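Assemble chain L onto chain W, guided by the hints.
Going down the list, the protein sequences come from chains W and L.
Read in order, the letters of the first sequence are residues 1 to 384 in this note's numbering.
Read in order, the letters of the second sequence are residues 1 to 384 in this note's numbering.
What follows is a set of in silico ranges between Cβ atoms, one per label pair, in the way DEER data are often shown:
# : chain 1 : residue 1 : chain 2 : residue 2 : range
1 : L       : G370      : W       : G38       : 46 to 56 Å
2 : L       : N2        : W       : K85       : 37 to 47 Å
3 : L       : K55       : W       : I111      : 35 to 45 Å
4 : L       : N56       : W       : I111      : 29 to 39 Å
5 : L       : N2        : W       : P227      : 19 to 29 Å
6 : L       : N87       : W       : I111      : 32 to 42 Å
7 : L       : K55       : W       : N3        : 15 to 25 Å
Hints are computed from structural coordinates only; laboratory data are not their basis.
Note that the coordinates shown come from a computational prediction; the quantities given were computed from them, not determined experimentally.
Backbone N, C-alpha and C define an ideal beta-carbon position, used for all residues, glycine too.
Number of protein chains: 2
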Amino acid sequence: MNNFTYLNPVKVVFGKDTIEQLTDLIPNTENILMVYGGGSIKKNGVYDQVNSALKNHKVYEFSGVEPNPTYETCMNAVEYVKKHKINFILAVGGGSVLDAVKFIAAATKVINKDPWGILTGEVKIEAALPLGSVLTLPATGSEMNCNSVISKKATDEKLAFSNPLVYPVFSIVDPQTNYSLPLRQTINGIVDSYVHVMEQYMISNDNTPLQDRQAEAIIQTLIEIAPTVLSEPENYDARANLCWCATQALNGLISCGVVTDWSTHGIGHELTAFYGIDHAQSLSVVMPRLWNNQREIKKDKLIQYGRRIFGITSKNSNEVINEAIAKTEEFFRSCGVKTKLSEYNVDSAEAADKISRRFKERNLNIGEKGQITPEDVKDILSKC
Amino acid sequence: MNNFTYLNPVKVVFGKDTIEQLTDLIPNTENILMVYGGGSIKKNGVYDQVNSALKNHKVYEFSGVEPNPTYETCMNAVEYVKKHKINFILAVGGGSVLDAVKFIAAATKVINKDPWGILTGEVKIEAALPLGSVLTLPATGSEMNCNSVISKKATDEKLAFSNPLVYPVFSIVDPQTNYSLPLRQTINGIVDSYVHVMEQYMISNDNTPLQDRQAEAIIQTLIEIAPTVLSEPENYDARANLCWCATQALNGLISCGVVTDWSTHGIGHELTAFYGIDHAQSLSVVMPRLWNNQREIKKDKLIQYGRRIFGITSKNSNEVINEAIAKTEEFFRSCGVKTKLSEYNVDSAEAADKISRRFKERNLNIGEKGQITPEDVKDILSKC
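Just chain W, same shape as in the assembly (with noise of 0.2 Å):
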């Protein structure tokens, strides 16, 4: 097990009608910003139920964060947050508007330079706004990590940043709020879930078993949960389950004294930029592929899995990891994602040329060992 330091500061208020706590949980000495999406909140009732808990504060509003929040609207609330002397930002909604909130809160802190270094890493974040949030859509974690994606889209560039000043300092958690989403959210919100897990989990042995088996409960726990939440969107349990496994899967308990490798994230990212294919989505076709060429680097971690998970038998190592890959590509399949690019009408050639084009002007090796090559991330794209 390798060194670590965890603290993770979010308090959690989980569970049923929980949105009223907002009173209590935002000093009503302050200015706050209240940000939200494309208002859907305004369909499903949170939005009434936030502005009923905060209706003895002083509340602005921004909307309209994007799925895939961009710098340039975010910048936009830059500017409101700093004409309306906003000091406490309030993320209403899934993953995107708390990432957005996020950078708002850093960014705004910036002094004579372009925020957007706080992306590339040219601008150190020296403080940033508090935040909180009240949870929409269980996907991303964001609701208990420091972690944001930002995109550009003058450059069709993503890119992500995690800082401790970012942290929420709440979130709230209703599971009742799930009940309207579109299947399509649900289903990328269970997909995400299950590869940030495993971008902590399958890499070559640590000798961690504790954070191996915490990592596997998170995943036993949405293969047995998922037909019931895509079937009965109502049921409470299985949305609250969800919810919770969501917010394990990136709150930096799983990757304590572990290497990560977030390379199908890295290459997933990429497939939104350029084709705009949902994050969840990119994902699910990228993870198969890329294990598979990663078969050796991961191999031990690979059998466990197959063999702790879904149960294969089979005593010799190349059946294991075979079918322990197809499986989980049965399972995205099985939860209504696609997992091959021609399905999303991207021809696999192209976006292969495209993408490690770019890893190889960046200069860019990813990988648990810094082992994946722009030749590899060629090689996984084209089997896309």
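Frame of chain W; chain L shown alone:
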């Protein structure tokens, strides 16, 4: 799943040679009181490491905290804290030292009342000194929770309190400090962690499949690593994995949304108070008989546990439960802990009388639904 709020603000600094990080973890403007137990930290080098890291800090010392820390000793420390205007307390040792420090931190701030009231519930904690820890014994999870158990010599009482104001600011866990632990303490740590998990797991069904599996993850890991920990005391990974299991067993995570049942602890504490049996030993004596007594209400979970942890395949529910209980006791005994009162020279009939009478006097039912009566306690103990 029940509603819950989860917030754990402890910074865990985990791994090899991490004690030196103390230098930066405590501002050197503080008057620090270093609290420890019987002096083993002077033999294993931890005392020197702490002092070296704090060589530019103002450090006072208070030693002599007992294995089951007493109110009487803690109150001497409180006097010392006030006299020397201490404003940060550092626990160096195991759970007992940590528990003592939590009580001292809170008791110091109690004005015009007897701080024992913190334990009985008569005194509300309004403030506490900040505290941190260097953990040298994995067992109680006290390094990442806000619980404390204190004994009162004068009345043979052992009571617990829990308050967010006594979360450690940080806890340093260097598994290397465990190399020199007496075997008995290592064994106790394994058993203690195991039972902590079970008190949050072995309940009637709450539909919390992820929490169940997170609990099982700890149990499976404990069973897997115990032989190595016990036979190779200087195996770093085995020690590290035990440390992380112990921390995860009682940091509040697996009890999110779950009804817990601390009745094994409730009865075990009395065995310690009356007969001086080690905490973990008392738990290993009580739990198997308590499960047997409660086999109806805990039926589903006992079966799940038997099947998932021990792979019991029988189709007869009673057989699965009997075997699950037997295998649990077998695991404890394989670690070298005695599981019968007679092995501790305690007469079970006498203990049953004495302790059930105390529950009766306090008019105290225990168990997840308050279903365990003093008569049940008598039955359970008479079979120990």
